[in-house]
Structure formats: C-alpha cells, structure tokens
Amino acid sequence: MTQPFLQIKGLTKNFGGLRAVNDVTFSMERDQILGLIGPNGAGKTTLLRLMTGILKPDTGSVRFMGKEIVGRKTWDIVNMGIACTFQNMRPFRRLPIIANVMVSCLSPRAMKRGEWVKRLEAKAMDALEFAGISDMAREKASTLSQGDLKRLEVARAVATEPDLLLLDEPFGGLSPAETDLMAKSIKRLHKGGRFGRLHSEGPAMIIVEHKLQWLMKIVDHIIVLNFGTLIGSGTPDEIIKDPCVIEAYLGKGGI
Amino acid sequence: MTLILFNLRKLFTIIKNEALVLPSRVVVALFFLFLLLLPLFTEDPYLLRILTLTSIFAILAASWDLLSGFTGQMNFGHALFFGVGAYSAAMLNKYAGIPPWGTIPLGALGAVLAGLVIGIPCLRLRGTYLALTTLAFPIILMGIVFAFPDLTGGELGISGIARLARSRVANYYIAVVVMLGLCAIMWKITNSNTGIIFHAIREDELAVRAAGINTIRYKLLAFCLSGFFAGISGGLYAHFMRIAGPSTLEVSMSFQVVIWAIFGGIATIYGPVGAVFVLFPLMELLRFWQDYRILMFACVVLLILLYMPDGLFRWLRDKTEKECPRCKIRNVAMRDTCRICTASLD
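Chains as they are written, first to last, in our numbering: chain A, 1 to 255; chain B, 1 to 346.
Careful, some of the hints might be misleading.
[What the hints assert, rightly or not] Restricting the straight-line Cα-Cα distance to at most 27 Å, the calculated cross-link-like pairs of lysine-lysine (DSSO-like) are:
1. Lys10/B with Lys319/B
2. Lys188/B with Lys112/A
3. Lys140/A with Lys328/B
4. Lys322/B with Lys140/A
[Stated by the list, open to error] Some chain B residues well away from chain A (every beta-carbon gap over 10 Å; in silico):
5. Phe34
6. Asp150
7. Glu155
8. Ser159
9. Ile197
10. Glu203
11. Leu206
12. Ala210
13. Leu220
14. Ala298
15. Lys322
16. Lys328
17. Asp336
It is worth saying that the hints were derived from the structure and are not from the lab. Don't be surprised by glycine CBs; every beta carbon is placed ideally from N, CA and C.
Bound-form chain B, shown alone (with noise of 0.2 Å):
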C-alpha cells in the first residue's frame, strides 16, 4: 500500500515538475487527451471521418520530416511510399485475402523495399538533383499501374478491398492510436544518437564520414524508416477509403506532404503533424466557398511562411518558451529566471 502510494506521489512529481512547467508539453498532453477522449462525446460521422484521415496523413507528414527535415535528403516523391502501401495492402487484401492486421504492415515492408530501390540510386545525389529524380519514381510506378490493369485496376484503382474496422469508432481509434504511437516512435528515433546522424548527415555529410560514421548504412536507414512508416500510413488509407487509386500516387500528394511539413516547421516531428491536424480540417472548412477553395488554402500557407518561415509551431514554441542561456533548458517566457539554474532569462 505504502509502495503503490510512494509511487503514485512519484508520478504526481514527475508530472507536475516535469510535463506542466513548459506550455509545449502541456499542449502535447491536451493534444493526445483530446483526440483519445473525443468519440465519449460526440460521434458525428463527418467529425470523426475527417479526424480519421488527418491523422492517417500526420503519419505521412512525420515520415516526409524524418527522411527530408532530419537527413536533409530531400524526397519530393513522397507519394510513393503512401502509393506502394496503398497498393500492396490493397492487392494482398483482395487477391491473398489476409485481413487488414495483416495487410497493413506487409504493405509497410513493400514500401520498406522501395525505399531500398530509390534509396540506393540516391545515394551519390544530393540537393535539388535528389528532390528532382525522387520527383520521377511515383510518375514511373503510375506508369506501371496503368499498365497492368487486369491487376491494379488500371485508373479506376482497386475496390471493394475489407474495412478497417466494423465501426466508425474503431476505426477513428486504430487510425488516432496509430498515429500517436508512430509518431512517438519516430520522435524518440530523432531524439536518440541514430537522430544526432541524421541531423550531422544533413550539416555536413564529409564530415560524418570522416568521423567514421558509415553514411550510405544511415542514409539507407532514413529511407527505409521514413518508407516504413509512409506505407503504413498508405495501408490504413486504403483500408479506410476501401479503395486504392491512383490518386494516391499523383504529383500533388508528393507536394502536399512538403507543404504540411514545412507549414509546421522541419525537423520538428511534432511540426508536420501540428500542421497536418490545422491544414486539413482548414481544407474542409473553406468548402463554404467551393470555387475558391484552393486559392484561399495557398494564402493562408503564403501569409503563414511569410512571417514565420521556420514553420508555425516552431514560431508558437519560440514566443512561447525561451531557453535558458546558461543551461539551455527551456522555460515558459513569464519567467525571469531559469527553473533548473536560477540564471536570469532575457
């Protein structure tokens, strides 16, 4: 009794000193209670729908951040790891009959494998020469799905392949509790040493290698990480929509995840998906005007990067939080002194 108590106290100490003191955190935390709790209070289809896709798009933009925004290994083809996910998962499902659990992360490995393909012709390229031949591989996997239309169902795109889940609601909590988890785990993989390469790969790549670090072994993991968790996020859309198109493979889908991403800030993992969560659902509610929709979306991102070009959530953590220039902690912007070191903030 007196343990689980001492424990419990524990708990209580580490989140009030550790999770409340900073606004981002506290964000984080509104954030993941917000999106787990939701369906106890309403159940709209249309609300739940949207949600759906937006976090099966957070996973999409978080993967684009992790290979282009950590390893500086621009990818404008990012459609083709959704694509290849959709597709396999897709196939699998209709031709093999497994079911969705196990559909979705076979379609993972398939995108996994080509990562491998567009990773390793990739490799001596760099800089606008990457972004354009990455540009290539989803208008050449097109190309091959119209190709063989017995087999992809050519631009109709294969139908009729097996529901997520039964529910609304469970699909809405496979979608949200697979995207927290999958964005946890790519912030942990940044946050941890294989993160410090990949941010040292994008400073400066001779010099990785010349402190004995295998670059062609760590830029091969980015794409196959990145492609790992794209596909996945290209199998849970198939499954969602039941239906796996071409669409999924067009150029505007490869833009669209930069523009979420740098909407939000690279290099941050929670950015991406920041702005993939404000991004989408802005989508939906400029349907009031129809005809301008598209326009009035490019505006918003214009005014947005004009004035924040580091992204909209770096800029809100920057007037929110200040570091400490001491410690390099980072504390709430009221405070004058630094929380750990007492050093005066200004």
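The following block holds chain A by itself, in its conformation from the complex (with noise of 0.2 Å):
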C-alpha cells in the first residue's frame, strides 16, 4: 500500500481556552499545491507551525512520507525536508542577506544535496537568483523592504531544496507586478529542475494567502479553514461556489 505523501489527522492545538485548531484532517499527494484560505484567526498559521514542529499539538498526528513528525524537533523536520515561510517575517537583520540564505545552505539536508556544489555562496546566490533579489545580496537584511524582505523569507526556504515547502502568505506586502512574478517563480520552482546550483525535485506546497485571485491560478487544490475547523475542501472552482465559504467570508444574510 502506498503511504501519501502527507497524512494529518485529528491535528488538534488550544492556546488556553481557545481552540486555534480543531481536530483538522487532511492528506495530500506528491505533486500537488495545496492553497489554505479562510479568514483572520482561522488558524491556518498555527496549523503550519504545528506541522514544521515550532507549536507542538495536544492531539492528532502528522505523517510526511510516511514517519510520524509530530513530537519531532523543527531542524529534524527540515532536514526531512519541510521548509517555511514566517509571516512575521524574521531575517537576521544584522546580517548581509547573503548570509541569512548561507545559513540555510549550512543545514545537513542543504549539505547532502548538490554533490558536485561546493561553493556554499554560490548557491546561496542562486537561491537569492531565484526570488529575485540577488542584486542586493551585500545589503544588511535590515534595509530591506517588506516585499524584499517577503522574498528573502522564500529564498531562505528555498535554500534548503524542501520536498515540502510551506508559504506563509508569500505574496504579503508585494506590488501587483511583484506578485505576478513571485506566483511565476512558485509555478516554475513547482515544475522542477535546476536553477543556476540550486535544484530543486518540484516540491508539494502548501500556500496559505489572502489574495484569493492570484491564489486560485496558482494551486490545484484548497482547504478552508475556520474557527480552526475545515470546513471545505475541493477544487478552486468548488471552493468559491461553497455556500460555507462564502458565509465564512462575508458573513450570513448576503446583501
């Protein structure tokens, strides 16, 4: 039988009284992008950091390719190859954006991969290549804007050539142009091959966004949370007709 490739189940998370999220259950394969909407507070967040092991859950399980991750420390997940994305992003703002890519180039998982790469700086290079900001790689991370710093969040994750990359609202605080070029890059890394010393295998990804537009071309699949329940779950096409969605999003009685 074969395993998927991941499997959550009865994944549940209170924050005291609050219950962030509430017995969600879900899988998905391989080759899928996975788009994880529903309104503030949701809990899509706290879902994704139950899943990289930065929030440990009360109950519930998280298989990825088929060993159990939920008790796991976060650099064992990402060295099985899960990357994220904060959405509050956290560069080490002291540091010259090189550096903070060079620092996921230096995880184990990073080191393995890429035999014929020795030069840590010329990938980290190409991962910035890739999202697009390789020009400032001397500037310190602190004088980046909030769309580049957006972006250093991605190449950071990249870095790590992930089999599971979580993006936490990557197209936060990007211009329309910067959006449409960041989904390109996304569909592209999704699609595989090399970049420059950089290689990527086409990782699964699960996207969690607001700008619903530039979401539904993305991705081939979505879940809606709410209150931390899911409450649906289909095609793009399904999801915006859902009377439940909708009702999550604008409310009940219409207009």
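Hints given; two lone chains; assemble the complex.
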C-alpha cells in the first residue's frame, strides 16, 4: 500500500481556552499545490507551525512520507524535507542578505544534496536569484523593504531544497507586478529542475494566502479553515461556489 | 632561484595590495610586531609583567566575546571558566606533578566540561534570565571551594605551583604567542560558516531552527569553545601568578570581562583584545592617584561608552574606513573612489 505524501489526522491545538486548530484532517499528494485559506484568526498559521514543530499539537498526528513528525525537533523536520516561511518576516537583520540564505545552505540537508556544488556562497546566490533579490546580496537585511523581506523568506526556505514547502503569505506586501513574478517563480519551482546550482525536485506546496485571485491561478486544491475547523475542501472552482465558504468570508444574511 | 623570487614577489604583492591598504590591517600588523619585538628593546620586569597579564586577560575577554557577543548568550559568570581553568591547572600541578604544558590544556578541558554543565541547563534561557543564572555559577563554585579547604586551600588558594617558564622573557613570550594564536583562531572561527550560524542565533534563534540548523548543538559548541579559551587563560594565569585563589571566581572578575568587551565593541574579537590592552595598563597608570583609581577608571569607561556606544574600536574603524556602497569592500576614509570597483565613496 502506498503511503500518502502528507497525512494529517485529528490535529488539535489549544491556546488556553481558545481552540486554535480543531480536529483537522486532510492529506495531500507529492505533486500537489495546496491552498490554505480562511478569515483572519482561522488558525492557518498555527496549522503550519504545528507541521514544522515550532508548536506542539495537543492531539493528532502528522505523517510525512510515512514517518510521524509530531514530537520531533524543528531542525529534524526541516532536514526531513519540510521548509517553511514566516508570516511576520524573521530575517537576521544585522547580517548581509547572502549570509541569511547561507544559514539555510549550511543545514545538513542542503549540505548533503547538490554533491558537485562545493561553494556555499554560489548556491546561496542562486537561491537569491530565484527569489529575485540577488542584486542586493551584500546589503544588510535591515535595509530591505517588506516585499523584499518576503522574497528573502522564500529564498531561505528554498535554499534547504525541501520536498514540501510551506509558504505563509508569500504575496504579502508585494505590488501586483511583483506578485505576478513571485507567482511565476513559485510555479517554476513546482515544475522542478535546476536554478543555477540550486536543485529543485519540484516540491509540493501548501500556500496560505489572502490574495485569492492569484492563489486560484497557482493551486490545484484548496482547503478552507474557519475558527480552527476544516469547513471546505475542493478545487478552486468548487470552493468559490461553496456556500459554507462564502458564509465564512462574507457572513450570513448576505447583500 | 626564479621560483623563490617569484614567490617573494607574490608575497610582496599580497602584502601591498591586501594588508597595507587598510589602516585597521596595518594597526593589527604593527600590534603583532610590537608585542613580539618588545623584549629586544627593554627587559623592564614591571612592563613585561603588565603585558603578560594583559595578554592573559585578552584571551579571556575575547572568549567572552565569542560566546556572548556572537552567539548572544549573555554570560555574566565568565569567571567560572577562568576559575575552573586556574584551579584545575593548579591542582593537577600540585597533587599530580604534571608540568605546565600539560596542566594548562587539561585545565582548559575542565573548563569545557564546566561549559557543558552550565550550557545544558541554560539552553532554554535567554537574555536577562540567562545572565542571572550564569551569574550564580561562579558563586556556587566558590562555595564548593570554601567547603573543601584541605584540597583547595580555602580562602588562601593553592600556592607554590610551578612557574610557567624560567625567565621573565620566556613567560612573556609564552603568554603573548598563545594570546596572538588563540585570538587569531577565534577570529577565524567567527569568520567561518560556524561564525555565520553564531551570528544568526543571536539575531533570531527560531528562524535558525526553521533553516534546519540544530541550534542546541551550536549553542553548546559556543559554550565549550568559550570555556576552552577562557580555561587556557585561567591556566596561564595560575602558572604565571603561581597561585590559584578564590579571586579568580569573584563576581568583579566576571564583570570586568563584560566591561572590557563592551568597551572595545562586542562581536568583533579584536575589540575586546584591544580594550584589554588599553584598560589594563590604564589601571596601572592611574596608580599615581591610588584612592580614586577605580573612580577614574569608571569615568573613562563611561565617557567612552557615552560617545561611542558601539565600542572604542568599532568607532575608530568607522572613522578611518568607509564601506563602498556598491561592492561593500572597506576603503580608507581619505579615498574618493573604491579601490576595487571605482564607485564613488561618500
């Protein structure tokens, strides 16, 4: 029997009395791009943080390529092949941008792969090139704008060469033109191949995003969270017609 | 013959193009030369003694910088490593009869062990809490030292241990060469890939974990490396002073290290080393006014930090050198254009 690529079962997380993630169950395949949407405070970011081990779930299991990852340390999970970006960007502000990415390139996973690449800096540079900020490689990260920080986050995650990439609002703070570019980059990354010295096997992705019009173009499956509970799942076309989803976003009673 | 000439010419080119272009590099080269050639000109015992002690404390200050400046693990109990190094070297020498070249590395290994012992409980702590916890460890060890006066000599310490070397000049050379070597190694560590991870842990530990780096391992590595270098400095101190007493574990010792490092500029390695070479002889100079020595010392430190919050040597470096806005290579402040990419500097 083949294992599903990622399987989440009955995942629950409480913050005191607040149930942030409530009994979420879904699974995804290796070649999918999954969109995760929901109103503010729906528990999307919490769900991603549970999957990367930054937060520990109260109950439930997350199986990644047949292995349980609940209870593992964050760096183990990243080295198994799940990379994530942070919604509120967390760059190393006093380091040059290239050094920010080099930290990711120094992880055991990134060091093991790309055998013929000896030069860390060149690899980091290619990750920056992919994200489109290679021209600012020597600037301090504190000088970057919000949009560029977002791209730096993506570059850092991509540099670990993940099998599953969790993007938390990759379009946040980007202008429409930049969003287009980023969407194209993400699609290109999903197809796989080489970006200079950076090797991509076409990671599966989970994208949390509020800019639905762009999200719909990229993803092939969407799940909807509201108050920590899964309320909808389907292709983009199904989701925009789902009455439950419309109710969650626009409220009852309507126009 | 031509090969030798070729290599010599290559060496001169490297020196001319890489070393002599920046004031900071020239100063470092002069500093090395000064320390290594000084005994040729003077053998004044007082001066040599001061400079030997200065070198020993320079290792200590740089090792604090490696842990607290780079990795951001604020350690207010750095005297622990120094004391463990000094006491283990002294005890090994006195009770086991091991000569100094054996006791100092063994003492440093003892300090590495101490680094692990305090590093593991401190892994979850950060900032102020970490600082207060580490502050307690030397005090605890001092209590243990006082509890076993037969073994440790209690308040009097262990005296009568072997000399570092026979002559003063040999003592001086051992301290200075070890200092220069260890500081170069520390500087190399902080400039390597490991150094980048240390920097990143200081900036944002969670983000480093999310990049797939085992931060626990690197934090413990920082504690152990720092403990090792501080332990060597403690061992040198014990053998140079020929006594290892509870003064090596005092709180004032821990704070002195912090003052030195912040005075020179943290996260630089050269800053704390330079600061010790300024402040330690300054304390001796101020002896002419014995009663107010500490007060004047405090005034100097306060004034410097008021006007140069990043530390004396960072400030000096920023005044004499400019960073090229395009290629980020450092240039002499007098130049108009970058020496590499010829972009205009202003």
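So, going through the hints one by one against the coordinates:
1. About 31 Å separates the Cα atoms of Lys10/B and Lys319/B, which puts this hinted pair outside 27 Å; it is violated.
2. Of the pairs offered as hints, the one joining Lys188/B and Lys112/A holds, with about 24 Å between alpha carbons and a cut-off of 27 Å not exceeded.
3. For the hint linking Lys140/A to Lys328/B, the alpha-carbon distance of about 10 Å falls within 27 Å, and the restraint holds.
4. Of the pairs offered as hints, the one joining Lys322/B and Lys140/A holds, with about 15 Å between alpha carbons and a cut-off of 27 Å not exceeded.
5. For Phe34/B, the shortest C-beta to C-beta distance to chain A comes to about 32 Å, beyond the 10 Å cut-off, and the non-interface label holds.
6. At roughly 45 Å, the least C-beta separation between Asp150/B and chain A is larger than 10 Å, which holds for a residue marked as non-interface.
7. Separation of Glu155/B from chain A is adequate, the least Cβ-Cβ distance of about 44 Å exceeding the 10 Å criterion.
8. The claim that Ser159/B lies off the interface holds: its Cβ sits roughly 46 Å from the closest Cβ of chain A, which is beyond the 10 Å cut-off.
9. At roughly 6 Å, the least C-beta separation between Ile197/B and chain A is not larger than 10 Å, which violates its mark as non-interface.
10. The beta carbon of Glu203/B sits about 4 Å from the closest Cβ of chain A, which is not more than 10 Å, so the claim that it is off the interface is violated.
11. For Leu206/B, the condition that its CB be more than 10 Å from all CB atoms of chain A is violated, with the nearest at approximately 7 Å.
12. The Cβ of Ala210/B sits about 6 Å from the closest Cβ of chain A, inside the 10 Å cut-off, so the non-interface label is violated.
13. The claim that Leu220/B lies off the interface holds: its Cβ sits roughly 14 Å from the closest Cβ of chain A, which is beyond the 10 Å cut-off.
14. Distance to chain A confirms Ala298/B as a non-interface residue, since its nearest Cβ pair spans about 29 Å, more than 10 Å.
15. Chain A leaves Lys322/B outside its interface by the beta-carbon criterion, the shortest separation being 15 Å against a cut-off of 10 Å.
16. Non-interface status of Lys328/B relative to chain A is broken: a Cβ of that chain comes within 10 Å, the nearest being about 4 Å off.
17. With a closest Cβ-Cβ approach of about 21 Å to chain A, Asp336/B is found to remain outside the 10 Å limit, as its non-interface label requires.
In summary, the numbered hints that this structure violates are 1, 9, 10, 11, 12 and 16.
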